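Number of protein chains: 2
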Amino acid sequence: MSNRVCISLDAMGGDHGPTTVVPGAAIARERHPELHFILFGDEAVVRPLVEAEPRLKGAVEIRHTTVSIAMDDKPSQAVRQGRGKSSMWRAIQAVRDGEAQAAVSAGNTGALMAMSKICLKTMAGIERPAIACLWPTVRGESVVLDVGATIGTDAEHLVEMAVMGSAMARIVLDVERPTVGLLNVGTEEMKGNEAVKEAARLLRESELPNFTYHGFVEGTDLGRGTTDVVVTEGFTGNIALKTAEGTAKQIASYLKAAMGRTLSARIGYLFARQAFAALREKMNPSRANGGVFLGLEGIVIKSHGSENAQGFAAAVDLAYDMARYDLMRTIRDMLEQTPAVAAGLETGLIEK
Amino acid sequence: MSNRVCISLDAMGGDHGPTTVVPGAAIARERHPELHFILFGDEAVVRPLVEAEPRLKGAVEIRHTTVSIAMDDKPSQAVRQGRGKSSMWRAIQAVRDGEAQAAVSAGNTGALMAMSKICLKTMAGIERPAIACLWPTVRGESVVLDVGATIGTDAEHLVEMAVMGSAMARIVLDVERPTVGLLNVGTEEMKGNEAVKEAARLLRESELPNFTYHGFVEGTDLGRGTTDVVVTEGFTGNIALKTAEGTAKQIASYLKAAMGRTLSARIGYLFARQAFAALREKMNPSRANGGVFLGLEGIVIKSHGSENAQGFAAAVDLAYDMARYDLMRTIRDMLEQTPAVAAGLETGLIEK
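First to last, the protein sequences are chains R and F. For the first sequence, position 342 (counting from the first letter as 1) is numbered 1495 according to this note's numbering, and the numbering increases by one without interruption. For the second sequence, position 289 (counting from the first letter as 1) is numbered 1442 according to this note's numbering, and the numbering increases by one without interruption.
Heads up, some of the hints might be wrong.
One copy or two, it doesn't matter: identical chains are merged, so the pair holds either way.
Within a straight-line C-alpha distance of at most 30 Å, the following computed DSBU-like cross-link-like pairs (lysine-lysine) qualify [said to hold, decoys possible]: (1) K1227 with K1238; (2) K1210 with K1238; (3) K1227 with K1210; (4) K1344 with K1238; (5) K1435 with K1350; (6) K1270 with K1344; (7) K1435 with K1402; (8) K1270 with K1227.
None of these hints come from the bench; they were simulated from the model. Keep in mind that this is a model prediction, so the values were computed, not measured.
Start from the sequences and build out the full structure, keeping to the hints where you can.
As structure tokens, this is what we get:
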């Protein structure tokens, strides 16, 4: 089958391990019958779960591993103990060895990134990797990066992220020429730190055949979906993402309290319960679960550790899209065609 | 009257100028009859508005000014054109000259901060000023700073902000010993950038007689109200604040759409309309309007430029609290009693 897409899964990752990973894979395969999986984990636990899933029939190869990375292991510790033998490492290695087109893990982010960097290496032309997520907006979704791979940044890294984020947006949002904004504290040219101002200058002055540089965007633009791609440094991006999650939870708790306070409100809730269910679905973080590691020689997706099977399935869907529509080639093509980055390569500002 | 609190107002600031500032002052005075105002602005416009407000009777002195700072003036341009004569400058100057205990302006933030720094000067023991806001949480409110005064930071500045934020929390939240968190990408000790890690070490190792250092907090902790005070660098803080505002608006628009979609939902809305009104009030940004400039030799409050009279009144309330309960003395006392900052003063790390 030419359309077959093979994804490697770290069956032991996340708060619930294989009891979430296996049914999650099954849900995703129902949506994409061409999906095949290599599952790395404790065979004694994984095999019965797989055999109980008719939707996974004939689509799974299980490879036994004895080491699992804990959610609170330090990255260095995880690499020392898990290199070569943990379910997480082996899932990444399957991508490096060309057996799988993407890897998905719900394990701890720091360990997954450390192992991915060692095992897959950083892409030529990319300084440092980034983690991109799909941010729900009133207009649909935007690609936001970096949400926590790297602390601190410079202009070149921001420009590289603009290119990589555009490549991902082209695939996931299906827009030929995505718009890109740089996250800043205001939209005027003089605002922000040196890295952001210099990146804006580079993007303004470069010929950009694959995407359109929109300019600076602010925190309020994230939910508005002002641009298809929003680029920011990892410290700020991670805090923005978690602040949005926290605000959504906060409002949900206000809403729940308000709807239970009076008899009239409770009656109103009954009438409007379908509307509330639709709203809950819209605010459900599982729908947009999955952080895409960009800038490595291979595709790795991080699923949220506390997600249920539906959430894990969303991360697998994302891996499927990235593999099926060849994220790696799209990034390479876009990097080559972007003079700002090419110039960085030539002047040695960006290490090959 | 010993309780009399005098506030100077930039009557020309904000999107709506005196048509918002004057009724806003009247609303605040109804709540605090001991309030008196010095209004700086175009007398021909301001006087009729004041005379139409019985609640302001005998409580306002109008001082005519001819220059107003526009919302899009660059700070340097605003200082050049407005120094000594604009309504904004004169309102700040009234604080410097001891005529008013605090100044409130809805004018542009950059100009207001630039003028405040020149006119009032930075406090002894403080490297750079910060802007603090009241962040609504499920438990009440937290003080969050810096939300945009300074781009970039170091450990000493973060520690200073912990002290200043605690002083403000003691006054506004009425807690004797506030808890302080440092905003970071994770709660583990090894996470974050150098400034945050070093500030954490300073706070952990210092004797803190006035507040309790809680540790690192994440973006999700902001809405939860995990600590009374959250300290972060201005770039990240500004983006977090605007991301939360944007997310709240986004959810409100989902909610509105969901409640109008079916007949049943519309009926439900009618039954629950009081609950929705309560929710709207809870989510109303006007309730917590006002950024407090900390670290200057005087109190300046920034009201949001697009706020209505209720919003401006909230900023005046905040100025009233800060003046009435002597924010300046509380900050000075706390600074003196905090060895980490005192040590910085001695070693010359912090300029006097």
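Checked hints:
1. K1227 with K1238: within (17 Å within a copy, 58 Å between copies)
2. K1210 with K1238: within (26 Å within a copy, 80 Å between copies)
3. K1227 with K1210: neither (36 Å within a copy, 65 Å between copies)
4. K1344 with K1238: between (48 Å within a copy, 26 Å between copies)
5. K1435 with K1350: neither (35 Å within a copy, 37 Å between copies)
6. K1270 with K1344: Cα proximity of K1270 and K1344: across copies only (18 Å, versus 33 Å in one copy).
7. K1435 with K1402: Result: close both inside a copy and across copies, 13 Å intra and 14 Å inter.
8. K1270 with K1227: Close inside one copy (15 Å), not across copies (44 Å); limit 30 Å.
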